[in-house]
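Colleague: Read off the chains here:
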Amino acid sequence: MAAWRKFKFYPEMMQMVRFIATKLMYVLLTLFLLATVTFFMMKAIPGDPFMGEKKLPPAIYNNIMAKYGFDQPVWKQYLTYMNNLLHFDLGESMKSANRTVNNIIQNAFPNSAKLGIVAIIVSVIVGIALGVIAALYHRGLIDALATIIAVLGVSIPSFVLAPLMQYFFAVKLGWFHVAGLKEPLDYVMPVLALSALPIAFIARLTRSNMVEVMNSDYIKTAKSKGLSKAIIVNRHALRNAILPVVTYLGPMTANIVTGSVVIEKIFGIAGIGKYFVESVSNRDYTLIMGLTLFYAFILIVARFLTDIAYAAVDPRIKLNSRGGGS
Amino acid sequence: MSNLHLTKNHEEQHAAASTDRHQHLNLKPEDFRKIDTSDLNAEVISRESVSVWRDAMERVISNKLAMICLFILIAITVMSVIGPWLTPYDYQTNDLSSTNQPPSKEHWFGTDELGRDMFERTWMGASISLRVGLFAALIDLVIGIIYGGIMGYFGGRVDEIMNRAAEILYSIPTLLIVILLVVVMQPSLFTIVLAIGITGWVNMAWIVRGQVMQLKNQEYVLASRSLGASASRIIFRHLIPNAMGPIIVTLTLTVPSAIFAEAFLSFLGLGVQSPAASWGTMIEDARSAMKVFPWRIFFPALFISLTMLAFNIFGDALRDAFDPKLKR
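Protein chains in written order, with our numbering: chain A, 1 to 326; chain B, 1001 to 1328.
For the record, the hints were derived by calculation from the structure and aren't laboratory data.
Fair warning: this is a prediction, and the values are worked out from it, not measured in the lab.
Backbone N, C-alpha and C define an ideal beta-carbon position, used for all residues, glycine too.
There are no misleading hints in this set.
If you anchor each label on the Cβ, the simulated ranges turn out as follows: (1) B/Ile-1068 to A/Asn-240: 33 to 39 Å; (2) A/Ala-270 to B/Ala-1231: 51 to 57 Å; (3) B/Pro-1088 to A/Leu-152: 32 to 38 Å; (4) B/Phe-1190 to A/Phe-88: 33 to 39 Å; (5) A/Ala-270 to B/Gly-1155: 47 to 53 Å; (6) A/Ala-179 to B/Val-1142: 39 to 45 Å; (7) A/Ser-96 to B/Val-1078: 46 to 52 Å; (8) A/Lys-182 to B/Arg-1157: 55 to 61 Å.
Take the sequences, apply the hints, and build the full model.
Modeller: This is the structure:
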């Protein structure tokens, strides 16, 4: 018989493939819905971006409307917009002449990405370290200190923390530049401001899991075998304790990305966030739509990867793709 | 006492038997007398029975930190109401002869770049923050309970479809939707509350769904159903009241995130518009003048952090209080 009949899918493999396929379908559906909603929301705004400040001569006005396709019926505009999206074309900025949204993203994204990736790495490492140390010295002084840091990190908004750091570390002590992102040292303050919240979350999560794991039977077994504390922590406890941190990676990316909007404004970094704020205050609709979709794309993909990573790492998770709930 | 004595003898007997079977057992006929159980009172409930609610309340009240936080929240709430009457100024009158004043006897928290009294503005910010938190939590509560209750109670297909829809909404970052909504409608307190409310309920719905799924198979629900109660009566009269603990905890933790969202938007200029004062706009105004007048950021920064801190700690304490695993 044909050779392909001999090829056998293991049921686990099939489940994983189906799991990824379902999740991917929802990623696409979500993006489609979001694109549709943003489009019609922007259409729902009364007036158009070229009305206002100065009266344009009717001929020029009509030309501009034709250039952006605003003279077409809405459904046609929608189809054009969707078709362009399929080709990853986000359109042309309405306020900065001759700049496409793709162009702006290309220029701005590297700055945001560098900052964001450093912030994610710092959050994960510092958060886990803080949580583990707090758990190992459970109910001690260090534990109390870590708890205080965690609660403060959750409670002090980044737009409070950032100006305070600017004032004390840059203006008063002169350790860093007040703004900009040119030297490695320039990363310290924005990264700290961005990762304060995720550090606090991860530390709390790790601490409570670590405390639970350290009291479990298999750790007692490891202790009674006479293993050293370092081996128990590294080999046995840590792996299980940081597993739930994986689920937080998606929401953390969302946190850092939304936080970057404010942080880029405060530290004068020419990233996506800065353009996003500008586009909103300029009413540059194509740019707002484009950047919203770009943000959403990054976050939804991050969440998708998190789901898959979690399913791959934790054998206990059921692969019937029913997220959320309970 | 005599009971204990007996078991002890038994153990000795076993030990003796295993070491040396042929040795005498050292037992006397008295060891086998019947124990008088009339004074044992095994059936009597020695502790007063305590309801879940009273137990949780007692545990929260015994938590000193939580009580301090509750006190701070009450104090801020009271000040947001009476604060504006304590000084002769109001939040919007410009006084260009005394701008950017540091805190003094006349202006307790100083003045801003237009000479407006910061004490007045701080408490106006407090009232805006608290109102946003309260109303956003209320919207969360209503939508979350209805949506989550229906999801959990009916289950199956209904649950699947509604859960998918909630998941899609949940996967879009809240602040993006809020920003879009604020751009489409004009920025105002109403828009912000609406935007935060309609995006933030998914978490609440999932909490309610989980609770309802746990509770719906209990006998009292069956009893109610066999008496002919409708689904909405069972959900709202029987299931929701029994799930109130987790709902209140979620609600308490919703408030600080709503306060944060409002301040975040106001900081970006998308929130409350001047001359009204929000902690977010005050921080943004102070930040741009930070080098010269650093004190201006102090009070809004202090009070927003304090409010969020107090809500977070109090919410955590509530959660611990309702958690049977942490019972001592």
